Amino acid sequence: MAATHSFTEPFVATQEIPAEPPPGSTTGPIAWVRQNLFSTWYNIVLTAVIAYLAIRLIPPFISWAFIDPVWGPATPDQTPADVVAACRAATGACWAFVNEKYRLIFFGLYPFDEYWRPILAMLILLGLAVSSTVRRFWGKRLIVAWVVVIVAAITLMYGAIPLGFLDIPIPGLTLVETGKWGGLPLTMGLSMIGLALAFPFSILLALGRRSNMPAIRTLCVTYIELVRGVPLITVLFMASVMFPLFLPEGWNFNYLLRAQVAIIMFTAAYLAEVVRGGLQSIPKGQFEAADSLGLSYWQKQRLIILPQALRISIPALVNTFIGSFMDTTLVIMVGLFDLLGAARLGLSDSIWGPFYKEAYLFVSLLFFVFCFSMSKYSQHLERYLNIGTRRR
Amino acid sequence: MTMDVAAAGTAVRRGSAFNDPRLRSIFYQAVLLLVVIGIGWFLVSNLIHNREVRGIATGYGFLNREAGFAIAETPISYTPSDPYSRAFLVGLVNTLKVSILGIILATLLGVVVGVSRLSSNWLVAKLAAGYVDLVRNIPLTVQLLLWAGLIRVSAPAPRQAANPVPGVFISNRGIQVPSIENNPIFLWVVIAALVALVIGWGIARWARQRQAATGQPFHSFWVGLALFIGLPLVVWLAGGAPAAFEIPELKGFNFQGGWTLSPEFAAMLLGLTVYTASFIAEIVRGGILAVSHGQTEAARALGLHSGVTLRRIILPQALRMIIPPMTSQYLNITKNSSLAVVIGYPELVSIGNTIGNQTGQVVEAISIFMAVYLFISLSISIGMNVYNRRMSLRER
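Residue numbers (our numbering), protein chains in the order written: chain H, 112 to 503; chain Z, -14 to 381.
FYI, nobody ran anything at the bench for these hints, they're computed from the structure.
Being a predicted model, the structure only gives us computed values, none of them experimental.
Where is the CB? At the ideal position from N, CA and C, for every residue including glycine.
A few of these clues could be false.
[What the hints assert, rightly or not] Per label pair, the in silico range of CB-to-CB distance:
1. H/Gly283 to Z/Leu17: 51 to 61 Å
2. Z/Leu287 to H/Ala165: 21 to 31 Å
3. H/Pro170 to Z/Ala142: 20 to 30 Å
4. H/Tyr488 to Z/Leu287: 18 to 28 Å
5. H/Pro191 to Z/Ser30: 36 to 46 Å
6. H/Gly388 to Z/Gly292: 48 to 58 Å
7. Z/Ala42 to H/Ile173: 54 to 64 Å
8. Z/Ser30 to H/Leu476: 17 to 27 Å
9. H/Asp188 to Z/Gly152: 31 to 41 Å
10. Z/Ile184 to H/Phe357: 52 to 62 Å
11. H/Ala165 to Z/Ser139: 21 to 31 Å
12. H/Ala165 to Z/Ala142: 27 to 37 Å
13. H/Tyr153 to Z/Gln241: 19 to 29 Å
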């Protein structure tokens, strides 16, 4: 209505419009608080509710966890029973549990004098894993390095080179049975070796799924979908109770290896989908260019396609690793003592039994530190790997 | 490189049938199939032999034998004298019970957290982000053990039960909530709600057609909502408005009446909900952020107000991004419910494991629960593919 009016009769101002007051400050802490905490009536309500809950919950938690807890024996000669009595009397947490059991949680039942071995094994595995994400190191030498490091890590832990039926003892190292392995080395070993050995397998599965040979494609699709369709725990149960039934008599292999095989089988199916995602994102022109150069199938994959596809999949690969690192806790169901299993072993010591909260919170904290830093690292990798292609 | 060319040259000169790609592919596939069949035959013959040696029966005949063990939580009637097949069924119902409730609760919590992460309120956004980061980086197994401990050990005894909302009691015996009384009227109320849904769907269809033809909008959502609430209400009032709920009461050492969530079930439900909600929150947030801002601006430029923009422009596009990963989260809830073995909630895997140990027929027991999970997963992924085909953007 007003629009048609303005066409016939132009508007001419006859008096000066009074100046508006200056807008409220848009910078500085007060403006920030107004914009981010009290912008509308419902934001005021939400802020008030959260502030109230924080006042009600945070101080009791802080005093439980940091001010009132029993940190350990008050005097060096206090027996565990005295410490537990002190814990029961105290209103705070009983971190004395962690103080008493941290060796068990970190290293399982591994003999104390030999702790340098799992520490060294974890360090070389970790070092190689981190350097594997650097593209400069990609090549045949990296594969050799993985084989060497995995064998070296297991040898260090075991005290002999395990060759199936025959162990070659290493002079100077005492033999430590796998039943004594536990804690962080077990969690790291199962997940990292699981990923490393599942990786080549998953590349074959992903290539097979995209193959134009129907028998190969069907086999790969069946494997991937079968494994992805069932929970990890069923695969672990299968490995721990069914493997011996499926193998000839006398081919007995131990529980740790069974769990490791189950984790490799399971991880491979998920990794195959990650790799397939990378393969699918390669433009068709790359395949055609490789074909027109006359490269064979394997040359094409090895020289043209996989280097590009794998680089794209690295962040997703790290995420899969985080998932498999956390999934490793399920091995407690087949009688292994990973970080969680070792903490539960500590709780099974009857006088410490009531302090499950401290035990699980400590394990949660450990997992959180590892997984959160890994996910931050994967986000960093994603940005870093994108540098070359960002302009597209 | 020159080596390769030379090698290829000699091969061509030899002119063998091996250079025909079709023959070669058939050859490779035949070799692979032979290897796979060979390995399969090797494993199965070992299995048969090992079982004969150990005197383990074969086949699914054991399903009809008496189970002989008690199950703590039986949503369908079950006694130890029932057959193994019935025990499996109890496990399946328990799995479905915790999964379906978990899916509903995780979706609600996840959507709230996901939207909160985009809130303009700094505290709300940071709180939601902190929740997601914290929960996603702690293994579900550890969370379940913590929840189970909190309910089983640290919750007060029934006499001192916490009573956060009238009618709801939290104690170390589990969580008591009011249940719906057993009255035939409630069946009619449910039927009325279903009828209202059908009518509402009809109205929405008619309103869409009319708007397409004449451009006149119709408030089908509000009419539908009024129907959905009103019709059952009328039926309930017509039935004499019976008292709806049975409130749990403390009698002796435990609660009577109402609906009991056992500590294990409550821990499972809490754990699955809290864990999966953090993943759903990220999916929801990602979906909303993926709708480009130009869409909002274009809608506003057309004169649509913010509610209509959200409902007609943003949500349909965001849902296309959200629903596929959401179904895989639902599948994950179902699969993760198998972690109940850790805290002793009697679902499919835990009962199957018991049966396997008791009968010795581990292979059959494991094959049954794997088959059930495969059936659930494959049917969801088939449904998902159908949905994707219907919803995918029709591009030029």
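For each hint, the structure was consulted:
1. H/Gly283 to Z/Leu17: 51 to 61 Å: Roughly 46 Å apart at Cβ, these two residues miss the hinted range, so it is violated.
2. Z/Leu287 to H/Ala165: 21 to 31 Å: Cβ of Z/Leu287 to Cβ of H/Ala165: about 43 Å, so the range 21 to 31 Å is violated.
3. H/Pro170 to Z/Ala142: 20 to 30 Å: At 27 Å between Cβs, range holds.
4. H/Tyr488 to Z/Leu287: 18 to 28 Å: violated (45 Å)
5. H/Pro191 to Z/Ser30: 36 to 46 Å: violated (54 Å)
6. H/Gly388 to Z/Gly292: 48 to 58 Å: Violated, since H/Gly388 and Z/Gly292 (Cβ atoms, about 37 Å apart) do not stay within the stated range.
7. Z/Ala42 to H/Ile173: 54 to 64 Å: Given range 54 to 64 Å: holds, Cβ gap about 60 Å.
8. Z/Ser30 to H/Leu476: 17 to 27 Å: violated (50 Å)
9. H/Asp188 to Z/Gly152: 31 to 41 Å: Since the Cβ atoms of H/Asp188 and Z/Gly152 sit about 53 Å apart, the hinted range of 31 to 41 Å is violated.
10. Z/Ile184 to H/Phe357: 52 to 62 Å: Because 58 Å falls inside the window, the suggested range holds.
11. H/Ala165 to Z/Ser139: 21 to 31 Å: holds (22 Å)
12. H/Ala165 to Z/Ala142: 27 to 37 Å: The hint (27 to 37 Å, Cβ to Cβ) holds, given that H/Ala165 and Z/Ala142 are roughly 30 Å apart.
13. H/Tyr153 to Z/Gln241: 19 to 29 Å: violated (42 Å)
Of the hints listed earlier, those the structure fails to meet are numbers 1, 2, 4, 5, 6, 8, 9, 13, in rising order.
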